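Enquirer: One-letter residues, chain by chain:
Protein chains: 2
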Amino acid sequence: MKSINILQIGIGPLGIKAAQFIAQRQGLKTIAAVDKSPALIGRDLGEVCGGAKSGVQIKSSIAEAIAKKKPDVAVLTTVSDMQRIVPQIEEILAHGIPVVSTCEELSFPWKTAPRLAKRLDEAAKKAGVAVLGTGVNPGYLMDALPVFLTAVCQDVQSVTVHRFQNAQFRRIPFQRKIGAGLSLDDFQKKIADGSLRHVGLTESIHLIASRMGWKLDKTEDLISPVVAKQKITTEAMTIPKGHATGVRQEGNGYVNGEAKIRLVFQATVGEKESYDEVVIDGTPNIRSKVEGGVNGDVATCAITLNAIPQLLRSNPGLQTMVDIAPVSFFG
Amino acid sequence: MKSINILQIGIGPLGIKAAQFIAQRQGLKTIAAVDKSPALIGRDLGEVCGGAKSGVQIKSSIAEAIAKKKPDVAVLTTVSDMQRIVPQIEEILAHGIPVVSTCEELSFPWKTAPRLAKRLDEAAKKAGVAVLGTGVNPGYLMDALPVFLTAVCQDVQSVTVHRFQNAQFRRIPFQRKIGAGLSLDDFQKKIADGSLRHVGLTESIHLIASRMGWKLDKTEDLISPVVAKQKITTEAMTIPKGHATGVRQEGNGYVNGEAKIRLVFQATVGEKESYDEVVIDGTPNIRSKVEGGVNGDVATCAITLNAIPQLLRSNPGLQTMVDIAPVSFFG
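Those protein sequence lines, which keep their order, are chains H and Z. In this note's numbering, each number is its position in the first sequence, counted from 1, plus 572. In this note's numbering, each number is its position in the second sequence, counted from 1, plus 572.
If we strip away everything but chain H, and leave its shape as in the complex, we get:
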């Protein structure tokens, strides 16, 4: 099988993991890499990723990176917001290269950033290639997967998704990310500065609503600490009673005042059970559960790469995970 040649843009923690995953995959090959960081420019991508020399030197610009050979697709792992990702994608599109990105707000920007979405859609169509935002969440567990589970339903009244994670045995940066151990004051400060928030719940709500044909009159994105009822001691930290064990975020989509879409993400140290569950109230009712849950670090990199073949088969324009054919592993 001929390999798909990849241009990687953004060699941060996620970009490094993506590069490592690409190196493990048959059928995918990184042939060019771009990052703006002076500390990375000129270095070998393989070595930056902690592996053997790859022969791919990190460049500061796309034009330089692809001078010798045009890649089949760009994997863009830089920012989470539409405002900053759109100019980056437009620069890639100017070279006629399709784009898959982990940018959360790109997963379904039609309602949350309609003007930027339309501008990007037009640029992609003009370039004759497709653009996709994906990841495990948003992009799959709380939107594309529940949508696909309604395939067997003659009627759907509501869609509820629970993503519960016990962070006790996850890496320490993840425990810090969810605010575990913080006093409630410090937790509120982190909410205020935006560093605690999971980006994408509202996009997931709109993706589901668009397929169900529901006109939303309101969406909510609520974030709160989960509070320790007693002292919790782990290998990494001690959480005093009354401090945060982690975060709960809840997204609701209302139709005529009724919450028809409910997405709950809760990650805490000491959570009883890790799982991802979809509950569809409809005909028939569907309750589908992934026990143990899906590890987000692995899954986001994997789904981004797995989306590539279906992205390359799809029509030009801005696509979502329910516009391209069902994404899967491919070997």
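Be careful, since some hints might not be right.
The list makes no distinction among identical chains, and a pair is therefore deemed to hold if it is satisfied within one copy or across any two copies.
Calculated cross-link-like contacts (lysine-lysine; reagent style DSS-like; alpha-carbon spacing at most 27 angstroms) [unchecked claim]: (1) LYS844 / LYS861; (2) LYS641 / LYS608; (3) LYS574 / LYS690; (4) LYS790 / LYS574; (5) LYS608 / LYS787; (6) LYS697 / LYS683; (7) LYS574 / LYS787; (8) LYS813 / LYS761; (9) LYS790 / LYS844; (10) LYS683 / LYS574; (11) LYS641 / LYS697; (12) LYS601 / LYS790; (13) LYS761 / LYS631; (14) LYS801 / LYS589; (15) LYS601 / LYS787; (16) LYS601 / LYS697; (17) LYS801 / LYS813.
Worth flagging that the hints you see were computed from the coordinates, not collected in a lab. What you are looking at is a predicted structure, and each value in this text was computed from that prediction instead of being measured.
Following the hints, position chain Z against chain H.
Expert: Chain Z only, in chain H's frame:
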């Protein structure tokens, strides 16, 4: 929203249920119906379905049925095998109408009936419309859904699907269909005459293998009775010890002598638990379970109708459930 106008072909039990489901749906409207049975020709479709007069008279030919108005899509619920369905679809394609069918062998005919598949693909492309075979199984639970669940995997070693159903509280024709109550001799006779067999396991195996990039060296489709270890008494029947409580069918797909795909369908009177479960051995491992299972009667009709919008958006040619965009309920 403008309705999608439907031509229904085949007004047997499944066609009647499909017509009833269409009548309940916003956005779908039956405008023409065809059946070859003299007992049905000339009758009103709504009345045949046990409802109010619909104004749609069942005709004996497509040409007659669509004389006044061309439908947007044909829903074809007649036979299960490629040999008989292909000429029926070709007749519909001659009128330039896309087709969605519940024909089991049509769900993924590329390996099991490659010449007919190619012929149909060419005819559909020539007509400029798409053709799809779907249903809950084959078409979803044991193929498209497990394929979509691998989207989060960096690697997949094997795919196992279990569909277990307790038939105790299902309708009596379903209990008869799975051979409940038969002596083992009578069960073998039913296997021999083909009336017990679930059609489509091999198609499901090939669909999964095609996406995983696995070259199969062998497939198996094994059928056997599940035997009562003690007398079982239900409202409908008494099953003596040593008679069949139902059927177990197992499909295996081998790569280099190793069963990498295992699909197990078991339906019995007295089965402990009804569920549909997908187990992916990979990175990460995924175990996804629908508790209570998915009722096949409702689901097959629903998914056939739900597929229509994505079918109409797809490219011309013979499509499968992993070629068109993810199917969902739509309202």
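Enquirer: If a hint holds in the structure, say so; if it does not, say that too.
Expert: For each hint, the structure was consulted:
no. : hint            : result
1   : LYS844 / LYS861 : both (15 angstroms within a copy, 19 angstroms between copies)
2   : LYS641 / LYS608 : within (20 angstroms within a copy, 60 angstroms between copies)
3   : LYS574 / LYS690 : between (34 angstroms within a copy, 24 angstroms between copies)
4   : LYS790 / LYS574 : between (47 angstroms within a copy, 26 angstroms between copies)
5   : LYS608 / LYS787 : neither (41 angstroms within a copy, 42 angstroms between copies)
6   : LYS697 / LYS683 : within (20 angstroms within a copy, 35 angstroms between copies)
7   : LYS574 / LYS787 : between (44 angstroms within a copy, 16 angstroms between copies)
8   : LYS813 / LYS761 : within (19 angstroms within a copy, 69 angstroms between copies)
9   : LYS790 / LYS844 : neither (32 angstroms within a copy, 43 angstroms between copies)
10  : LYS683 / LYS574 : between (38 angstroms within a copy, 22 angstroms between copies)
11  : LYS641 / LYS697 : within (23 angstroms within a copy, 34 angstroms between copies)
12  : LYS601 / LYS790 : neither (44 angstroms within a copy, 31 angstroms between copies)
13  : LYS761 / LYS631 : neither (37 angstroms within a copy, 71 angstroms between copies)
14  : LYS801 / LYS589 : neither (36 angstroms within a copy, 53 angstroms between copies)
15  : LYS601 / LYS787 : between (42 angstroms within a copy, 22 angstroms between copies)
16  : LYS601 / LYS697 : within (26 angstroms within a copy, 33 angstroms between copies)
17  : LYS801 / LYS813 : within (6 angstroms within a copy, 55 angstroms between copies)
Checked against the numbered hints given earlier, this structure breaks hints 5, 9, 12, 13, 14; the rest are met.
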